[in-house]
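**Q** Let the hints inform the model, and build the full structure from the sequences given.
Respectively, the protein sequence lines represent chains A and B.
To convert, note that position 328 of the first sequence is 328 in our numbering; the numbers rise steadily by one, no gaps.
To convert, note that position 262 of the second sequence is 262 in our numbering; the numbers rise steadily by one, no gaps.
Quick caveat, the hints were computed from the structure, so don't treat them as lab data.
There is no bait here: all hints are sound.
You can't tell identical chains apart in this list, so a pair holds if it fits in one copy or across any two.
Quick list of in silico lysine-lysine cross-link-like pairs, DSSO-like style, CA-CA up to 27 Å:
hint, residue 1, residue 2
1, Lys327, Lys123
2, Lys208, Lys15
3, Lys327, Lys76
4, Lys327, Lys255
5, Lys107, Lys123
6, Lys208, Lys246
7, Lys76, Lys123
8, Lys208, Lys107
There are 2 protein chains.
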Amino acid sequence: MAQRFNFTIHATDGKARTGSISMLRGEIRTPAFMPVGTAATVKAMKPESVRATGADIILGNTYHLMLRPGAERVAKLGGLHSFMNWPRPILTDSGGYQVMSLSELRKLTEQGVEFRSHIDGSKHMLTPERSMEVQRLLGSDIVMAFDECPRADQPREVIARSMELSMRWARRSRDGFDSGEDHASRAALFGIQQGALHEDLRRISADKLTEIGFDGYAVGGLAVGEGQEAMFATLDFAPDMLPQDKPRYLMGVGKPDDLVGAVERGIDMFDCVLPTRSGRNGQAFTWTGPLNLRNARHAEDTGPLCERCTCATCATYSRAYLHHLVKSGEILGAMLLTEHNLSFYQQLMQAMRDAIGQGRFAAFAADFRRDYQP
Amino acid sequence: MAQRFNFTIHATDGKARTGSISMLRGEIRTPAFMPVGTAATVKAMKPESVRATGADIILGNTYHLMLRPGAERVAKLGGLHSFMNWPRPILTDSGGYQVMSLSELRKLTEQGVEFRSHIDGSKHMLTPERSMEVQRLLGSDIVMAFDECPRADQPREVIARSMELSMRWARRSRDGFDSGEDHASRAALFGIQQGALHEDLRRISADKLTEIGFDGYAVGGLAVGEGQEAMFATLDFAPDMLPQDKPRYLMGVGKPDDLVGAVERGIDMFDCVLPTRSGRNGQAFTWTGPLNLRNARHAEDTGPLCERCTCATCATYSRAYLHHLVKSGEILGAMLLTEHNLSFYQQLMQAMRDAIGQGRFAAFAADFRRDYQP
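**A** Structure (structure tokens):
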């Protein structure tokens, strides 16, 4: 029977886990990579092509969608799934990260964040309650608590104050989410651990979130410039503080080698703009590392992007053709590289799921690191 | 048995004709619309999607391809069909039009045109012989004679001198094409009638071309700013001067109402950037006329672009969603509108072929003009 939210761990290998999340709109295999569909589209991709790469769930950005086309308008038009023709699960972020990085003239208070749209300068307010309402209007399947995400390099007391604020907002997010009863009966709510690189702050945050209770828990506040070494050092302890039986989501990560290292440390879900953005910038990911298709060495190379890749781009087009498209600024270059990159990411996730299921994740990770040049 | 080039007229209705061209790489149903694939890609479309719209043949631009990636390079990589994954017929223009409109520092002599690339300033020479060689290196199925295309509003003596030059170049094109024996045994060569709006010059041009002998004949020098009325006035006589049993190709045309009026006057083939370029600019063609998707009146319209259209965009997406994509500058907007526009153009061609075959073209054209607001 279809369920609102059920996470089952099928196998573990070290700290790595593989499983599945059952939701009303479909199943999500974990570890999962969620392509980013910022403005109700995974850029340069049709939704059926996104699905064909192996994606079970995509991410939508609350900040962008509330400004354009507007949450009330999306609701009026039947919700985000119908609007963009993606019938499967959608996770929406809370808007907290983008409002601090993209908006203009923002003002942060206990209540929330007042800001001006980067699109048209219009004035808006995001609070935990309004974020829950926007995500409900969008019809989100996995709703993220509203939080503040500070830069990791700020003084400890700034990080601590911000984390405490995010925990109060987590409580208000829980209440706001629960008050939308019909939506709450169909969707899930995730809390977000903060505390940057500080183990004690991460512990306080995890305890607070667990006390409130969520369907899943994100590790927030990483991938904000601290570097892979510091991120991994934090992931050595932060996921362990979160409930074992709930999915753990590392927000905004990352490069292929980030994903392998994070799965190794117990992460179940990821989102990142990297495969889509890189695809539009002429960069392709392969099992041996990223390739820059602008490079003249590809101009007469009749081989595929990646020998081991199973995607349609690699089956059909040469590096020489992709080089030509990228150099010519052709949209088809963005389309084909995005499709390859998303497919590569999903093949990487499937390879990790298989390796964990077969108890050989350490060997997989060692092989990956041997071949992959970041 | 597969043939190099065979044009069969299946039915006529007034001056309108419907038929098919058999070539080694496939059949072309006429009247035919050829999507433009300037730089070895029909912009924002995968080749299999171009085919799915109903296109039997596409056009490639000699000027662009000789500059980037270069004709010798395309030949080395196996030819244009393999390079861009379009296994069906390709018509290439001669480069004559683009070299005069896009290049820099050009110098026109009896020999040809010397110019500098608009991409990198490199120096090149296009002559009838080099144009034939470039089109052979690309692996073109329908090769166009190298001509000069003057603006129609120039003095009669300028038009006359230009036409005479183009006829001498047509002879040299024929000889150049025939000298590439292996390619000539698999491809076809079309001549191009010039003479702008002057009936006597068009007659001289047609007679000269017919004397040389070509597989098909283009009406050139129109759609260069003269307006639909003057174009139709010229098409009232120009196509009749060309051999009845060969296909007639109106270059660079046009809007849906241009196509209907030109088929009515005996034209069999068309190419135009309009459906693709418009698609990237937020414009969609429908049976009631063009729509600007930027217009705010579409913002909450849950209906399709076009009720009668059978394309995937119309089956799947609302005007509201397309409006959102166009306003947001999303690549998917260009992709979906291009696909719709190309599909609409092919549906229009199919409707014309059906109407001619059933002897009701006049009624079709009258209905079209009643409903279509240009």
